[in-house]
Amino acid sequence: MPKEDILHLDWETRSTVDLTKTGIYIYAQHPITDILVGVWAFNDNPPNIWTPALPPPAQVVDHINQCGGRVVAHNATFEIAINNFIAVKRYDWPKIKPEQCYCTAAMARAMGLPGGLGAAAAAVGLAIQKDQKGHRLMLQMCKPRKIHPNGELEWWNDEERLNRLAQYCKQDVIVERELFKRLLKLSPFEQKIWLLDMRINARGVAIDIPLIKKAIIIVEKEQTKLDNQIRRKTKGQVDKCSNVLQLNTWINAQAVFCASVAKAEIVEMLVDETIPDCVKEVLRIRQRSAHTSTAKLGKMLLCASKDGRVRDILMYHAAITGRWGGRRVQPQNLPRQTLPPKDINNIIKLISASRPDLIDILYTPPLDGVAQTLRSMFIAGPGKKFIAVDFKAIEARVLAWLAGEARVLDMFRAGQDPYRYAAAQIYNCLEEQITDYQRFVGKVAVLALGYGGGWKAFAAMAKAYEVDIPKTTAEEIKIAWRKNNPNIVNYWYRLEEKAIEAVKKPGSLQSARKIQFRKVGSFLFCRLPSGRVMVYPYPKIQMVETPWGSMKEALTYKGVDSFSHKWGEITTWGGKIAENITQAIARDLLAYAMLTFEMEEQNLKIVMHVHDELLIEVDEDSAITP
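Okay, so the sequence shown: first residue is 2 according to my numbering, each after it adds one.
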């Protein structure tokens, strides 16, 4: 069969394992997990149905076994895992090499489209769509109908349902095939990154299971204690700290208006002198209990393989910038460590000794203590050690380089502290005169104001560090920072102007220093210095209302909202475009570093990465040191 022929493949499976909680590799390697039906098609030929009662199709075997026989699938990592762990071992199918595959989910996300097959097909306006009734049937058939007391499994496997499932799978292949025609293939560089992402996810990272189990016991006991406290303080009207509805009702009954008990709102109410002490006591209890990060502990155990490693926790191209996202354990949003390393090490020892009382009296409330140790739950495997490498202040450096902010670049070249430098500009004094508090202000300014953020953005970020900054002070800091970074401020407007111009004049090339925009068809392409393009689907120029009440011309596009996770219209502006571009460039630098470290002669294995940091596992006796 000619090399250019493409095989489209899709599997439907069943298992007692919850794929969403465990990840692909535990699911695919579990002895109960099995294939219900497979569908394959070459090019535009009619799809064919395969069941475990049949031998592997000879055409498929020949194609996969030949060098470079291309396979296309949606979420190809899953199809590869099912093929290689189940179809190969039980039903004599040939092994698929990842290098043979294209993934339409990865291709869709790289074009700013939703990753789900149905959502991606709808987003590009395919005439044929995913079978939603069949999807509901698949969800029914993929798990046991009943588990009897003796452990015997009963499945939905009657002939009518199996035939209906096969038709659903055929429809998926047809939709995926049509989607593949509408999408841009990943560039050769990005295809390498996608393959590397698969290797890293398959490699996994070890976790400290005994420590996690001890921490879970402490969390459960502490949560019970706090629930009892809030029940007593509210005279039984709030039965547990997590009952937000009851808590809001009780607070309002104390003549205190409360729209939310989210973290930021609690911080604000605790410094409000008009709030009664009884309400503040209850809010402090809620504050101590509201550590969503500790929920990661249970997720770590659920997705840990027998070898103690968690796998499939990173998602390639999860954001429009190309940055990775997290799955299940969500390593991208681990709590920031605020305690000194020595204290964290001591807290780990106290968790191992089951002494939350000593954590409380010596360091911090127990739930805070557990949250502070979450990063330490990831450990090097037996006979291994970690090497952590990162790009220091990468976004501030990239933004200054993009905007041509020469003084900031000189500061970085001289090895100065960027936060102390920013503070000296804000306070109009020498860097050596800056206090710790002023350096904190400089840090928040660098992090919050570089992308067009106003006083609210500054105050909100300061509050995240549990520091309250009055509006007047925050506004003064914002003005001072912008005055000292005029090229960055001008760059926001330049980017917005050129992006809008590109949409108004399809096909024209619009440049803003190192960035180029061009609208082709239904997409606005933003060419980065690396040559990669960031894609804004279905761009329009519309009149929108600004935060200060006036109307202005703005760029809108369709995308997946970061909060609702729904596909819809998004309004953007110069500062946000600058943020997208800066993060996209930082991501490209990380991706290049990942490929460099993973070169065979380096023998350096990446096991996890977060934004601008790589975690590499090497032999314990390696000469390479952190």
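Fair warning: there could be bad hints in the mix.
Distance windows between CB atoms, simulated [claimed, not checked]: (1) Q331 to G532: 28 to 38 Å; (2) R204 to G299: 50 to 60 Å; (3) R528 to D361: 47 to 57 Å; (4) D361 to A120: 42 to 52 Å.
Derived SDA-like pairs: lysine to any residue, alpha-carbon spacing no greater than 20 Å straight-line [unchecked claim]: (5) K236 to W251; (6) K214 to I7; (7) K96 to A123; (8) K222 to R289; (9) K307 to S16; (10) K144 to W156; (11) K343 to R376; (12) K90 to K134; (13) K214 to K464; (14) K559 to Y593; (15) K541 to K193; (16) K22 to I208; (17) K186 to S377; (18) K506 to N485; (19) K505 to L605; (20) K385 to K186; (21) K186 to L127; (22) K182 to Y539; (23) K577 to E618; (24) K386 to L605; (25) K193 to D562; (26) K520 to P548; (27) K281 to T250; (28) K386 to P538; (29) K520 to W574; (30) K236 to P211; (31) K186 to R71; (32) K386 to K222; (33) K464 to C259; (34) K234 to D278.
What the hints contain is simulated information worked out from the structure, not anything from laboratory work. Cβ atoms here follow ideal geometry from the backbone N, Cα and C, with glycine treated the same way.
Here is what the structure says about each hint:
The hinted window of 28 to 38 Å between Q331 and G532 holds, with their beta carbons roughly 31 Å apart. One distance hint, 50 to 60 Å for the beta-carbon pair R204 and G299, is violated here, with the actual separation near 23 Å. Judged by the Cβ atoms, the range 47 to 57 Å given for R528 and D361 holds: they are separated by roughly 54 Å. A beta carbon spacing of about 46 Å between D361 and A120 agrees with the range 42 to 52 Å that was offered as a hint.
For the given pair, K236 sits about 10 Å from W251 by alpha-carbon distance, which is consistent with the 20 Å threshold. The straight-line distance between the Cα atoms of K214 and I7 is roughly 47 Å, outside the 20 Å bound, and the hint therefore fails. This hinted pair does not check out: K96 and A123 have alpha carbons roughly 32 Å apart, beyond 20 Å. In summary, the hint linking K222 to R289 is supported, as the alpha carbons are separated by about 13 Å, within the 20 Å threshold.
Between the alpha carbons of K307 and S16 the distance comes to roughly 18 Å, so the proposed pair stays at or under 20 Å and holds. For the proposed pair K144 and W156, the alpha carbon gap of about 7 Å is at most 20 Å, so the pair holds. Between K343 and R376 the alpha-carbon distance is near 14 Å, which keeps this suggested pair within the 20 Å criterion. Only pairs whose Cα atoms come within 20 Å are accepted, and K90 paired with K134 is rejected, the gap being roughly 32 Å.
Between the alpha carbons of K214 and K464 the distance comes to roughly 32 Å, so the proposed pair goes past 20 Å and is violated. For the hint pairing K559 with Y593, the CA-to-CA distance comes to about 29 Å; that exceeds 20 Å, so the pair is violated. Restraint check: the Cα-Cα separation between K541 and K193 comes to about 33 Å, which exceeds 20 Å; the hinted pair is violated. For the proposed pair K22 and I208, the alpha carbon gap of about 16 Å is at most 20 Å, so the pair holds.
Only pairs whose Cα atoms come within 20 Å are accepted, and K186 paired with S377 is rejected, the gap being roughly 38 Å. Taken as a hint, the K506 and N485 pair is broken in the structure, with Cα atoms around 34 Å apart against an allowance of 20 Å. At roughly 48 Å between alpha-carbon atoms, K505 and L605 are farther apart than 20 Å, so this suggested pair is violated. For the hint linking K385 to K186, the alpha-carbon distance of about 37 Å lies beyond 20 Å, and the restraint is violated.
Under the criterion of a C-alpha separation no larger than 20 Å, the hint pairing K186 with L127 is consistent with the structure, at around 18 Å. Taken as a hint, the K182 and Y539 pair is honoured in the structure, with Cα atoms around 18 Å apart against an allowance of 20 Å. Taking the CA atoms of K577 and E618, the gap is about 35 Å. The hint is violated against a cut of 20 Å. This hinted pair checks out: K386 and L605 have alpha carbons roughly 11 Å apart, not beyond 20 Å.
Of the supplied pair hints, the one linking K193 and D562 is violated, its CA atoms being roughly 28 Å apart against a limit of 20 Å. The hinted pair formed by K520 and P548 fails the criterion: a straight-line CA distance of about 28 Å is larger than 20 Å. Taken as a hint, the K281 and T250 pair is honoured in the structure, with Cα atoms around 15 Å apart against an allowance of 20 Å. Of the supplied pair hints, the one linking K386 and P538 is violated, its CA atoms being roughly 43 Å apart against a limit of 20 Å.
Restraint check for K520 and W574: satisfied, since their Cα atoms lie roughly 17 Å apart, inside the 20 Å limit. Using a Cα cut-off of 20 Å, the hinted pair K236 and P211 is violated, with the two alpha carbons roughly 38 Å apart. Between K186 and R71 the CA atoms are separated by roughly 13 Å; this keeps the pair inside 20 Å, and the hint holds. Distance hint between K386 and K222 is unfulfilled; the C-alpha atoms sit about 33 Å from each other, more than 20 Å.
Between K464 and C259 the CA atoms are separated by roughly 18 Å; this keeps the pair inside 20 Å, and the hint holds. In summary, the hint linking K234 to D278 is supported, as the alpha carbons are separated by about 11 Å, within the 20 Å threshold.
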